[in-house]
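Could you put the whole structure together from the sequences, leaning on the hints where they help?
Using the numbering used here, the first residue of the sequence shown is number 210, and each one after it goes up by one.
Because the hints were derived from the structure by calculation, they are not lab data.
These figures come from a predicted structure and were not determined experimentally.
It is possible that part of the hints are untrue.
Taking lysine to any residue and the SDA-like style, the derived pairs with C-alpha atoms no more than 25 Å apart in a straight line are [unchecked claim]:
1. Lys284 <-> Leu259
2. Lys284 <-> Arg369
3. Lys284 <-> Ile243
4. Lys284 <-> Tyr301
5. Lys377 <-> Tyr287
6. Lys284 <-> Ala220
7. Lys377 <-> Ala292
Ranges of calculated distance between the beta carbons of each label pair, as one might list FRET restraints [to be verified]:
8. Gly272 <-> Ala302: 24 to 34 Å
9. Phe375 <-> Ile289: 18 to 28 Å
10. Ile289 <-> Ser354: 35 to 45 Å
11. Phe338 <-> Gly270: 49 to 59 Å
12. Leu215 <-> Tyr340: 40 to 50 Å
13. Ala302 <-> Ala254: 23 to 33 Å
All C-beta atoms in this analysis are idealised placements derived from N, C-alpha and C, irrespective of residue type, glycine included.
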Amino acid sequence: MTTPTLRLFSANGSVSWGGVPIFREASPGRGSRIDAAIDVRPTAALRSSLQFSRLTLERRGDGSRFSTETIPRVKTEYQISPAMFLRLVGQYAARSRSPLADRDGNPIILGGVVDEGSTTNEFSIDWLFSYRPVPGTLVYLGYGSTLEDSREFRFQDLRRSRDGFFGKVSYLFRL
Numbered sequence: 210m211t212t213p214t215l216r217l218f219s220a221n222g223s224v225s226w227g228g229v230p231i232f233r234e235a236s237p238g239r240g241s242r243i244d245a246a247i248d249v250r251p252t253a254a255l256r257s258s259l260q261f262s263r264l265t266l267e268r269r270g271d272g273s274r275f276s277t278e279t280i281p282r283v284k285t286e287y288q289i290s291p292a293m294f295l296r297l298v299g300q301y302a303a304r305s306r307s308p309l310a311d312r313d314g315n316p317i318i319l320g321g322v323v324d325e326g327s328t329t330n331e332f333s334i335d336w337l338f339s340y341r342p343v344p345g346t347l348v349y350l351g352y353g354s355t356l357e358d359s360r361e362f363r364f365q366d367l368r369r370s371r372d373g374f375f376g377k378v379s380y381l382f383r384l
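Structure, rendered in structure tokens:
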């Protein structure tokens, strides 16, 4: 479902479900997915997008949950001037997977070790600055950081796991 694209905002959403393979277990499953997004444009220079996605996989044999993934995301962009642009993106990804099991429910052993499943809760924030003084010349500067959370959506025990800076300069030579 999608709204018309209006001057100040637009929105869309979808829900889907059905049979899907669970590749890690080579077994049949059922999946459901919810996606929603709202784009807000309060001024010509400022725009923001709020997105939400949730994916759930269940084992078809016993109906137990195999995995879930929940990702809310915020992206804000500001056109400082025709030559300068700033973007900020924040995203939280909460993922969990049950221990691998065969079709009879027995644990799957990988490399002599019983799989215990996994849980990750990561909050990432990225910013990008773009400067284009003249057509053909472009400068990008950015920073990204990822923090891990011990429990889903708690924001109380965040630990830095990755940082990264980047830069790019592009120039068009004319002959």
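Original post:
Which numbered hints does this structure break?
Top reply: Hints 10, 12 contradicted; others consistent.
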